[in-house]
Each structure stands twice: as C-alpha cells, then as structure tokens.
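**Student:** What follows is the residue order along each chain.
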Amino acid sequence: MQATWKLDRPKFEDLALVRLYSEVMLYGSMARGDATPHSDIDVLALGPVPKSFCRDNLSVTVYEPKQLRRMAEAGSLFVLHLQLEGHLLRDSNGILKDILDAWQPPDIARMRRGIVAACAILDSSEVQDDSRLESLTNVVIFLLRTSLYLRCFELGRPCFGTVPVAEVLQDERIVTALRRGTPTVPHLRVLTRLLRDHVGELPKNPFGTLEALAVSYYRRFPMASELALRVLGADRIEYASVPFEWCTE
Amino acid sequence: MKTVAIVGDIHGDVEKLRRMLRLLEQVSQHTIFVGDYLNGMPFAFDVIETLSELRDTRPNQFTFLIGNHELDLIEYLRDRNFVRFASRGGLATLNSYLGETRGNVFAAFDSMLPASHREFLFSLDLFVETDRFLVSHAGIDPTRPLLRDPQVLVRGVGKVLFEHAEALPKQVICGHYRQRDGQPLISPKLICLDTGCGYDGPLTSVLLPEGRILNVG
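Chains as they are written, first to last, in our numbering: chain A, 1 to 249; chain S, 1 to 217.
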C-alpha cells in the first residue's frame with residue numbers, strides 16, 4: 001500500500017505564496033488525498049498576470065480571473081476537477097468560488113473530436129532525441145488523461161485520480177501506465193496503445209508535418225495546435241494566446 | 001496646430017482597426033501606428049492589407065512603426081525558425097495567411113506573402129521624435145534617455161520604463177506593455193496605448209496635442 005500524505009492546512013497557509021495572492025487553491029493528488037512523497041504540490045492562484053513556476057515540488061499556476069471563468073463556462077474538465085476535488089486555501093471575497101460555480105458541462109462530442117484530431121500528432125512524431133521523447137510522452141499522457149476523464153464524466157462518474165478512473169473504466173493498466181517515471185520508448189508505446197484502446201484508431205496527420213498541423217488546426221482545434229507546438233519543442237508559449245478549447249466547430 | 005493620432009497595438013483585430021480608422025477620418029491630420037499589427041487574432045493578413053494600402057495611397061498621412069511581433073516575423077523570414085515564431089504568437093499569423101496547409105510551412109508562407117506586405121514589413125520605422133514627444137513601440141530607456149537602440153525601442157526595458165518615467169526627457173507614447181484593465185496608462189511623461197486589442201481588449205488611440213483618448217471596444 002502506498003503512503004499517502006494528508007492535507008496539512010496550516011502548513012500550506014504558511015507558504016509565502018498563499019500570502020502573495022488573494023485567491024489560492026490546492027488541487028491534484030495532494031488535494032484528493034492520494035499523493036505519494038514524489039507527488040507535486042499543485043497550487044492554483046488568481047492574479048493579473050498569468051504564469052506558472054515551480055519551486056522544488058511546489059507547482060504554481062496563476063490564472064487571470066477572466067481566463068479561468070472562460071474555461072469554466074466552456075466546460076473545462078480541469079475546472080470541474082477544481083470544483084470537485086480542490087481545497088480553497090484563500091478566497092476571502094469568494095471570487096474563486098464564484099468562478100468555479102460558473103462551470104458548465106462540456107459538449108462531449110466536440111471535445112472528443114478535438115482529442116481525436118490532436119491524436120494525429122502521433123502520426124508524424126518520430127522520437128529523434130530525449131527532449132522529443134519527453135515532450136511526446138507528456139503530450140500522450142495529457143491526451144490519455146483527458147480522454148479518460150471525459151469518459152468517466154460521460155458515464156456520470158467524474159473522477160480525476162488514476163485509481164478511481166481505472167476502477168470506473170475497469171482497466172487496471174491505467175494505474176501503471178500513468179505512474180511517473182523517466183520517459184522511455186517502451187513506456188511511450190504502452191501509453192500510445194492505451195490511448196488507441198480508449199480513443200479508437202489514431203488518425204493520420206492530414207497535413208504531412210507537425211508544423212503544418214499546428215498552423216492548420218489553429219482555429220478549428222486550438223488544443224491540437226498547441227500540443228503540436230509543444231512536441232516540436234516550444235518551451236515558452238505566449239500565455240495570452242494559450243487556448244483551452246479542443247474544438248471550435 | 002494639426003492633430004496627430006497615435007494608435008496602439010492591434011494584434012490581428014481587423015474589425016477594431018477598421019472602426020478606429022473611421023473615427024480618425026474626421027479628427028486626425030496625421031496618424032502614427034505604434035506597431036504590433038499581427039499575432040493575437042488570426043486576421044493579420046487583413047490588417048496588413050489594410051495598413052499597406054493606406055501607406056501606398058496616402059503616404060503623407062500615416063506613419064507605421066515596428067513592433068516586436070513584426071520583428072519576430074522578419075526574423076522568421078530570415079532564419080525560418082518555426083518554433084520560435086510560432087510560440088511567440090505567430091501561429092495566428094501563419095494561419096491567417098495560409099489557412100490549412102501541407103508539408104513545409106515556411107515554403108508555403110514565403111510564396112503566399114504578398115510583395116506589398118513584405119515591403120510594408122521591411123519599411124516600418126523605428127520611432128518618431130519631435131521637440132515635444134517621442135513615439136516608439138516600447139518607449140525608451142529613461143536611465144539612458146539619449147539612447148535610440150533598436151532593441152530598446154522595439155522590445156523595451158520592462159518595468160524600468162514605468163519606475164523611472166518621471167526621468168523621461170519628453171512625453172513618450174508607446175504600446176507593447178499590455179494594460180490588463182483595458183485602460184491606457186496616462187501619466188505626465190508616459191502614455192501606454194496597449195489595452196489588449198487582439199486579446200479581448202479595446203483598441204486605443206490618443207490625439208495630440210489635446211490628449212483626448214479614443215477607444216474602440
């Protein structure tokens with residue numbers, strides 16, 4: 001049995017970060033109560049300038065309120081996760097709660113179209129070096145997680161930890177495949193096979209190259225476009241233009 | 001004294017640009033654009049088409065400055081570094097020109113970029129300076145007020161400009177530094193007109209010498 005870390009609210013409230021922002025929320029495995037000693041401490045804050053940064057195993061993402069609200073209204077599963085499993089650490093004016101309450105259910109069919117479109121990234125993504133392997137693995141994990149969460153939501157049992165997701169979907173492979181570790185080609189193959197099993201046959205890239213896919217899908221499938229750019233090696237994406245929509249048509 | 005209009009960052013929002021031009025038609029004798037015409041919304045083609053037509057048909061009435069996003073595009077045309085340009089917002093611009101494309105993106109873009117747009121990009125000015133004011137995309141360095149370094153004029157010096165604004169030798173008007181409340185920053189020595197156009201914000205202009213603000217939301 002894995003050791004779990006219990007949420008220690010006073011400890012988090014001592015963090016300098018919590019005092020810097022007026023709206024702060026803990027989310028992820030630490031909030032859910034199934035964190036391991038290797039888990040990140042995921043913290044969301046609201047602020048005027050969106051950014052993200054890490055300190056040791058503390059991972060902080062700052063959203064502009066209107067950005068998070070747009071995500072909520074567009075049915076972001078991330079926002080649903082915050083709503084169901086997050087722990088408010090600071091929100092004295094109720095702004096963050098108000099945004100989370102604005103969450104609307106996603107259009108499942110459109111979102112699935114966006115996920116399938118993004119899977120075309122795997123068609124022309126050869127593992128050329130370690131950095132490409134890492135970015136590709138991260139993108140496959142992101143696609144896999146999103147498709148699994150969407151399926152659980154569709155079944156009326158939304159959940160976001162690998163163990164409950166594996167239970168709902170009755171697929172034990174999910175827990176081991178999504179365990180953190182150094183990216184390897186065999187692990188990438190396992191993840192890709194799992195993605196295929198849950199999404200269906202992965203599409204060919206209709207544009208021939210990843211660059212062309214990123215450009216061509218910019219309006220129709222913004223998330224696919226963004227993910228292609230990440231695989232190509234973009235380490236800095238302009239925050240103002242980061243999309244959160246899977247499909248716009 | 002003739003009225004000069006200075007227009008903030010546009011970032012691909014051609015609709016707001018068209019509405020601003022209609023407003024300025026009545027009130028401005030000369031119009032200066034501070035740059036950042038592209039990226040943001042995926043309508044850079046229409047924005048550059050509109051501006052290059054103004055430049056060609058009424059050259060004495062308009063001045064077009066270069067912003068960091070135009071500089072990024074010029075660098076892309078030279079070094080073909082797709083990832084750098086795309087990750088700085090260039091995907092919107094490439095999509096605006098190419099729509100759906102196949103294979104080599106640079107080759108497609110290079111062949112699709114009209115000669116008039118290329119000429120427009122390579123003819124942009126760095127700054128405009130008179131006895132009373134200076135206009136550039138990203139201002140100047142207040143701690144080195146005589147320096148007219150292209151990198152500073154186009155990419156800026158960050159918060160130093162705002163922390164030492166009182167040391168500016170004359171009125172400086174710029175864009176570049178997005179005012180997230182959608183309102184232009186107006187202080188005795190510094191006016192910043194980037195109010196987030198192309199990213200949900202309005203397009204803003206200032207009329208000199210009276211200082212009146214025009215806003216297209």
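Honestly, the hints are just simulated from the structure, not real lab data. All C-beta atoms, glycine included, are put in the ideal place defined by N, C-alpha and C. Check the hints yourself; a few may be wrong.
Selected chain A positions facing chain S (in silico; Cβ < 7 Å) [unchecked claim]:
hint, residue
1, P48
2, L150
3, T209
4, G233
In silico negatives: residues of chain A with every beta carbon more than 10 Å from chain S [as the list claims (entries may be wrong)]:
hint, residue
5, L17
6, Y21
7, N57
8, G75
9, D107
10, N138
11, G181
12, P203
13, A214
14, V215
15, S216
Just so you have them, the derived chain A footprint on chain S, three or more residues with Cβ under 8 Å [stated by the list, open to error]:
hint, region
16, 59-67
17, 110-120
**Student:** Among the hints numbered above, which are violated by the structure, and what are their numbers in rising order?
**Tutor:** 2, 13, 14, 15, 16, 17
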